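Chemist: Here's the letter readout for the chains.
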Amino acid sequence: MKASSTGYRIIKDKLFISGVVLFSFLSIVPLLLILFYIIKNGIAVINWDFLTQLPRPMGEEGGGIINAIVGTLMLIVIACLVSVPVGVTAGIYLNEYRTGKIAESVRMAVEVIMGIPSIIIGIIAYTWIVIPLGSFSALSGGVALAIMMLPVIIKSTEETLKLVPNTLREASLALGVPYSTTIIKVIIPAGLSGIITGILLGVARVAGETAPLLFTAFGNPFMNYNILEPVNSLPLLIFVYATSPYQEWHSLAWGASLVLVVFVLLMNFITKLVTRR
Amino acid sequence: MNETFLRTEKLSALFNGERVVKNVTITFQKNKVTAIMGPSGCGKTTLIRCINRMHELIPGAATTGKIFLYDDEIGSINPILVRRKIGMVFQKPNPFPTMSIYENVIAGYRLNGFHLSRDEMNATVEESLRKAALWDEVKDVLHRKGTFLSGGQQQRLCIARALAMKPEVILLDEPTSALDPKATSRIEELIVELKDAVSILIVTHNTAQAARVSEYTAFMYLGELVEFGSTKKMFTVPENSKTEEYLMGKFG
Ligand SMILES: Nc1ncnc2c1ncn2[C@@H]1O[C@H](COP(=O)(O)OP(=O)(O)OP(=O)(O)O)[C@@H](O)[C@H]1O
Ligand SMILES: [Mg+2]
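Chains as they are written, first to last, in this note's numbering: chain A, 1 to 277; chain B, 1001 to 1252.
Careful, some of the hints might be misleading.
Claimed, not checked - To be clear about the criterion: a stretch of chain A counts as covered by chain B if any three or more of its residues have a C-beta under 8 Å from a C-beta of chain B, and this derived list gives those stretches:
| # | segment |
| --- | --- |
| 1 | 66-77 |
| 2 | 159-170 |
| 3 | 184-198 |
What the hints contain is simulated information worked out from the structure, not anything from laboratory work. Because the structure is a prediction, the values reported are computed rather than measured. Backbone N, C-alpha and C fix where the C-beta goes; we use that ideal spot for every residue, glycine too.
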């Protein structure tokens, strides 16, 4: 009686463990499939020309996606320039003033922005920047992406700084170091890897965004370095090429997808390196 | 020979309205070691944190009464200047983890943006580490992170960091409570050697330690200063029966 019930428990335990293993494996299957398809279809078109040349008009062979790569990098730089100072400052504020009305509202705003669909953030950037300036632009696209990065950066900054022990702050203050200097030279360096992680995760999050760019960065078949003009970006290019009726453009879209996925994986990889240090 | 340089007058400290240090009036002598002892929670840490104005940084904390450094009331001096004159070493060693040993020692200058020449910096680092009896152990690894050191070495690094600022007085909050007996006696020797250069207030749980290192002892109980006087006298003929019980190990 007793023995059999123990046997039953052991079997139940084994079943449970195999279930857990099975489901964890199932959860990585989609990732593997995605990688497999993208690499299989994309690798064929990737070569030096693809990475360094402008797109050719329909009907001509070859051509590349350099304008989209440059555009994506521009958008990310603009997004970082806007979101990093604001996000890190807000994160510091939330960590320093844990309670109080302003902190509570900022925290709530962060949650809300997190949940707003990206297309709506695109509309906001459109009404704020595209309409007043009268043109689609890299700037408006960058701002839209910045708004999407903000909550990630704010949260990770706050969480990281929370882990910086209070004894460190006291060590600095007890040396007669002013409060502001203590924050800048002691607290932030102590949490720097976490803050950088947050920024990289933010970049990885927005690098593949299409919706907020549809009516901000807009897309551009040519090379553009002017932040007040429309630029192309990898996700926009993929969207346009993949929905076109032409077979060649489909394969270009696969190639661009591979570039984008590699970029995002690289971001995640660097994040891992930074956090391990 | 004896010179009072620091004194408190009816000092009380509060946390959210609750008084944890009550009407303490006490004087500290220059170039002497004064021990503050008492059972856990009696307000020793809070008392010394009032002296360098660290207490007021805690939300909900307040003080009443006065503290004088020479003739200046410290409430009227900018807290930043107070803390440069009154150094502090905490119960748990807290070197800056992002800085090397060298940088930790001169952190007070670097972080405050005081400019020192290379030579002055080198001299300050060596002198402070020598005073803290750490120089010989670390002179070849000055550019390694301070957090690689052992607990006792880290505590001496923190003492060196406080000494580098050339303070009038240094507040030691149970500096040996996290250390083994060997590291403890090292720091006790150090305290005795240091008093020519700087006045010392040391908080300790350990009555034997107070007897070994201090000239004056204050005994606190439930936030009040019960007895204060020369260490020799207090350990031989305590005036107050509470002090006697504490010294005999009946509580605390
Ligand atoms: N940050 C704080 N907020 C509220 N109350 C506090 C705080 N810190 C200390 N107290 C209270 O103040 C009283 C005195 O604390 P304090 O740390 O000064 O004691 P102590 O004598 O240093 O004790 P120990 O020997 O354990 O270090 C205690 O009752 C404690 O609960
Ligand atoms: Mg204490």
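Chemist: Determine for every hint whether it applies to the structure shown.
Modeler: Hints and how they fare:
1. 66-77: Since 0 is below three, the answer is violated.
2. 159-170: holds (count 4)
3. 184-198: holds (count 5)
When each numbered hint is compared with the structure, a violation occurs for hint 1 only.
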